[in-house]
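Peer 1: Spelled out from the first residue to the last, the chains are:
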Amino acid sequence: MVDALREIHRVLAPGGILIDARPDSRVVARAERRAGHGFQRFGLVATNREELTNDRASDRAIAQVLREGLFKSRRRGRFWHLVPFESLGALRNYLWEHLRFVRRARWVVDEKTRRRHAGDRFVMRRAIRYEVLSAIKATVPSTARAASDPRMQ
Amino acid sequence: MDVGTRVPIVSSSLRPRPLDELRAWGGTRLIRGKRVLDVGCGDGRFAVGLAPLAASVQGLDPDPDAISAARRNAREAGIRNVRFEVGAAQQLPYADEAFDVVILSWAL
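Protein sequences appear in the order of chains V and P.
So in numbering that gives the first Met the number 0, spot 125 of the first sequence is number 124, and the numbers just go up one at a time.
So in numbering that gives the first Met the number 0, spot 51 of the second sequence is number 50, and the numbers just go up one at a time.
Do not rely on the hints blindly, as some may be mistaken.
Said to hold, decoys possible - As a list, the in silico SDA-like pairs of lysine to any residue whose alpha-carbon atoms are at most 25 Å apart: (1) V/K71 <-> P/Y93; (2) V/K71 <-> V/V131; (3) P/K33 <-> P/A94; (4) P/K33 <-> V/V131; (5) V/K111 <-> V/G35; (6) V/K136 <-> P/D95; (7) V/K136 <-> P/G32; (8) P/K33 <-> V/S72; (9) P/K33 <-> V/R5.
Hints are computed from structural coordinates only; laboratory data are not their basis.
Go ahead and model the full structure; you've got the sequences and the hints to work with.
Peer 2: And the structure:
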């Protein structure tokens, strides 16, 4: 990952920016029923362990290139993304097949309520994080650059 | 459209729409008139969505099937300033300082 970020730094023009956006595994996703104009929370959906490990590795890679002085963080934030489902069964199928999440939600409503609303429309509310980073390019005089370039020696 | 019988469960259509995501990051000014590289572009959903705003968009993905789908999607959308290539982020097949913006959308 760090190698990829160094490559990205290489292809960015001075003043160029890198935008890193991905699901925020630090925030638990929610399974919600559409209720009129609002939502009723039905369950919580955790990220699976392997994805958590990958996300932490991505965080470390970003931290590494910041430490190396290749990038500077300009802005970061989080927004919610709603994935719509036509029924509770469709949401369950999604969880079963989607590699990112654990396969079963932790329901916060009882089974009777789930059965009663099984045919209602649902959403999965997931947090997406983003960070805008600007590439830091050293302005090295061309003579100095030539002197430090092994291909020129 | 809701996921179920009409939208496949594994689909890039389940991700935020490109312009919605761009708005959350800070708005269209981030890419307007810029040379953009979308690393890990998959089926080109994001690259094709942003292309009308950018000067040019290059999409890169290690999966040849995804790149074929991306080219097809761009053709169907009538987008001409986007190109797709198979390749790895660890060895980008581009010249130094070739882009103004690089996007890692759900790719790192």
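Peer 1: Which constraints among the numbered hints does this structure fail? Numbers only, ascending.
Peer 2: none
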